[in-house]
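A.B. asks: Listed below are the residues making up each chain.
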Amino acid sequence: MSYVRGLFWTCLALVLWEFLARAVPNNVLIASPMAVAAYLQNNAALLGRASVETLINATWGFVYGNGAAVVLAAFIMVFPQSDRTLSALALLVFCIPLIASGPILRILFGPGAGPQIMLAALAVYYTTLLALLVGLRAVSQNWTDLMAIYGRGRMSTLIRVRARACLPYLFVGLQISAPAAFLGAMIGEFTGAERGLGVLTLRAMRGLETDATWTLACLAALIAMAGYGVIGWLGQRTVGYAPVILMSAPATRTNRTLWYRLWEVALISALVLILWQVSMDAFELNRFFAKRPWDVVLFLSEAENRTILLSALGETLSFAAPGYLAGLGLGAGLAVLLVLSPGLSRAAMPVAVALRAVPIITTAPLLVLAFGRGLVGTMVVVAVMIFFPTFVACQQGLRQTPGQIVDLFKVYDAGRARLLRAAQIPAMLPAFFASARMAVPAALLAVTTVEWLATGKGIGVLMAMTASTSDYNMLWSCVAILAIVAVAFYAAVAALERSVLRVYASEQVS
Amino acid sequence: MVGVDVRCSEIAKRFGTTEAVAPFSVSLVAGQTTALVGPSGCGKSTILRMIAGLEAPDSGNITLGSDTPKDVARRGGLAMAFQDPSLLPWRSVRANIALGAELARKLGADVDALIDLVGLKGFADHRPAELSGGMRQRAAIARSLISAPQVLLLDEPFGAVDAMTRRRLNVDLPPLWRSRGTTVVLVTHSVQEAILLSDRVLVLSPRPARLIADISVDLPSARDNSLVATDNFIAVSRAVFAALEEDA
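Protein sequence lines, in the order shown, are assigned to chains W and C. Residue 329 in our numbering is what sits at position 329 of the first sequence, and the numbering runs on without skipping anything. Residue 164 in our numbering is what sits at position 164 of the second sequence, and the numbering runs on without skipping anything.
These are calculated hints, taken from the structure and not from any lab test. It is possible that some hints are incorrect.
[Unchecked claim] Chain C residues, not near chain W, derived (Cβ > 10 Å throughout):
#, residue
1, Glu10
2, Gly53
3, Ser147
4, Thr165
5, Val171
6, Glu245
[Unchecked claim] Residues of chain C placed beyond 12 Å of chain W at every Cβ, according to the derived structure:
#, residue
7, Gln83
8, Ala101
9, Arg105
10, Leu131
[Unchecked claim] Taking lysine to aspartate or glutamate and the DMTMM-like style, the derived pairs with C-alpha atoms no more than 25 Å apart in a straight line are:
#, chain 1, residue 1, chain 2, residue 2
11, C, Lys106, W, Asp145
12, C, Lys70, C, Asp116
13, C, Lys121, C, Asp224
14, C, Lys106, C, Asp116
15, C, Lys70, W, Glu18
16, C, Lys121, C, Asp110
What you are looking at is a predicted structure, and each value in this text was computed from that prediction instead of being measured. Each residue gets a CB set at the ideal place from its N, CA and C atoms; glycine is no exception.
The following block holds chain C by itself, in its conformation from the complex:
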């Protein structure tokens, strides 16, 4: 399914006495990858969870295309990968990835092709406990991709992965969702990762989250780690760090 716009208008959320997100508005363009960066505990994940329909905003509203997150969820148009792989330990790799298609009611998805694509060939019948951390995370991301969602939410999906694997996944995975035109929202602590993967970086303030910078990433769409050393990349990183430090 082709991605849809994500529109947050004046959304706010508090947990008890803590104000997690101040009234916050943003529009994310269909088919683009947008990264949310900001200090720890600033409310990035809460925004992501509200877009996912896992938390309801106290005020304001969110639309994906012309629907609510719940509606999109019900027709299988949403998927999410968490910081922790959260695989079901009693299912094999193949069955874990297939779960994404089952839950989204998308039968006939080609699980094995995706297994090859994320580099888990030969491990399809293994249980999660038999895999390394990086392999588990790849399986979890494959689970989120198998249903070809309209909106893909990634909550620090590479946070628990070693640096080498992370470098590779950063290059291998984005073409999958780019080629499908999926709208991707990525939460990450790594500024470099945010820039490398995204078309646009949103810098958020410390809690309660406000938008303090909206930086578009002007890099070619075919990306690899060599880009990191280019002037363009460095200029964007400077802008992001400047915004982060300005408000710290």
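Same shape as in the complex, but just chain W:
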């Protein structure tokens, strides 16, 4: 029955789309479904080859990235003392926008599929790691005690209890990974590959080919959604249910002093710099393109370079910030609004979940076509990128309101608004802040990608230009600055999150 209904709505959407495209004569914004179908048919061989190329790269990245996440999570479980350092490093790498690591990987790997695969891996490992850590820790203390009672250690607990208990969480992570890996592979192709859907997208964008842009966006979205669907189906078959995972609040102990935290930050920063230096030296990478930390420091010590970089950064942030806030506000706002009409919410949820599977960046060219190459277009891409995960998370958060508390309000005949304000919105806050935190890197990725592809402004275009000017000092400096900015904003949101949750969800901030 639901299939029939789904088919009906899909057909209706296609018809509406066709009408919309035809209503505007000579439009360069929207390609009609018929035009997309025609383009698909005329270029079937080319599109087929490109899809296979991107799919293969995405698959390898998926395997490597998730494999790395599994190994890292298992290591953290067996050696818990490594948790904070490893988690911080993993977060730092995750915070660097893919469009910034892309060119670096390109110059390190040279031509070929290396960067695409690596970027696809980078796009997936962090969310899977988070999901796995939540799953591995979602084990009742009685189970770990049970192992201890028989004299069994962490390894035994990992194998017999945690590994099995985290399977549903692993599948959630893998499912989110499928579109993300595809996105990573495409971004890798944006940064200078020879084949693949990303290359065709870039070409279509630059040539203002509406039909091609739409076809490519649709194709990429469909393949990513298919991956999402297949893994979801596999998960259903093997574990039977998908848990609700909030990317949980940072487990920072409240008794840690400011000095201790600063010391920790300094330690991890030093570790990163050493890793950077040592890895470049160990592989004897050429100093011409493989810059070391000191090169960046020297480069940025010149006022002229600093001015260029900082003004580009200012431009990027002024585009990213409104999009970030709009995406969060709309996501949370719509979730709250839909609580007031449960019927509408039931209809909207599957759509939102499905759209979460679309790698938004692959549709960025469409949004830029529609909203222009200025502030509005960029803002829309950033906002759309953040909107769906925030909306879904807030919906799930609102549903976490304990049933007994809802009943309590009903017993006193409290109104909907009061229930919302006093019980449901506070229950939503952990989910909201978890999304807000994860949205920081997402916003930076979206804004830099749009700058790289379309707008010709900001730090994204600065990095795109270095590829042709061979100004590798500038490229490495851009990446370093972006990483620092991403981590700083992430930490700021996390601090705000802690202070809010200390009041509203004190049991979560231990």
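Guided by the hints, dock chain C onto chain W, whose structure is given.
C.D. replies: Leaving out everything else, chain C in the frame of chain W:
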């Protein structure tokens, strides 16, 4: 395996600024069942967890026979049942019970016989989610018995079970560990249960736990619910309640 003595000498434990257990000493006799009763939060469970080796005492020491709890754990001589059944949801009843034997490295244990004994015949292949609360608890207790431990620790194992099931389990299960000579330490909120199941009742003070009464239960070893109405039983309950109220 035949039970061993449990000796706690001058054990103390604090959590942060809270003193959970004041220096506390007691010797439990091998093969006997000893109940710990006391007000909520008095540190009974902490004492049990220290005997299990799950918490290390801040001072003092615990020996089971001549070994530390960890040593006994390593050779599979310990078992514990919790207030919550804590079954692994992905394993069947049989596999959950067998886990106790697997972890204790006691191969060849007769799981099916024990399943019959705890009244779960016909449910061996069910998952925990398909069982009632009382059945899950019976499976959890069977898991703790399957390895024939030297020391069996029961932390309010019947707390979440309905009154009828609890009455039955109170009578059905003790013969299993009595016949093996297992040393059993039982934490419970129910004075009646403590007396019915034990050879000895230790009454503890409010936190930090101190021993305020050591009452031996002089009842026949074959016990059933009819004993509750006997003069002997009533006399022991009076003594236990008197000790509890004296210190409250």
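A.B. asks: Give a verdict on every hint.
C.D. replies: Hints versus structure:
1. Glu10: Check passes; 24 Å lies beyond 10 Å.
2. Gly53: Check fails; 7 Å does not lie beyond 10 Å.
3. Ser147: It is violated; Ser147(C) is separated from chain W by about 8 Å at its closest Cβ, not greater than 10 Å.
4. Thr165: 20 Å, holds
5. Val171: 26 Å, holds
6. Glu245: The claim holds: Glu245(C) sits with its nearest Cβ about 32 Å from chain W, beyond 10 Å.
7. Gln83: For Gln83(C), whose nearest Cβ neighbour in chain W is about 9 Å away, the distance does not exceed 12 Å, so it is violated.
8. Ala101: Incorrect as stated: the minimum Cβ-Cβ distance to chain W is 10 Å, not above 12 Å.
9. Arg105: 8 Å, violated
10. Leu131: Non-interface label on Leu131(C) holds, nearest chain W Cβ at 17 Å vs cutoff 12 Å.
11. Lys106(C) <-> Asp145(W): 19 Å, holds
12. Lys70(C) <-> Asp116(C): At roughly 32 Å apart (the allowed maximum being 25 Å), Asp116(C) and Lys70(C) break the hint.
13. Lys121(C) <-> Asp224(C): With a Cα-Cα distance of about 23 Å, the restraint between Lys121(C) and Asp224(C) holds, given a limit of 25 Å.
14. Lys106(C) <-> Asp116(C): 19 Å, holds
15. Lys70(C) <-> Glu18(W): Violated. Lys70(C) to Glu18(W) sits at ~72 Å, over the 25 Å cutoff.
16. Lys121(C) <-> Asp110(C): Within the cut-off at roughly 13 Å; holds.
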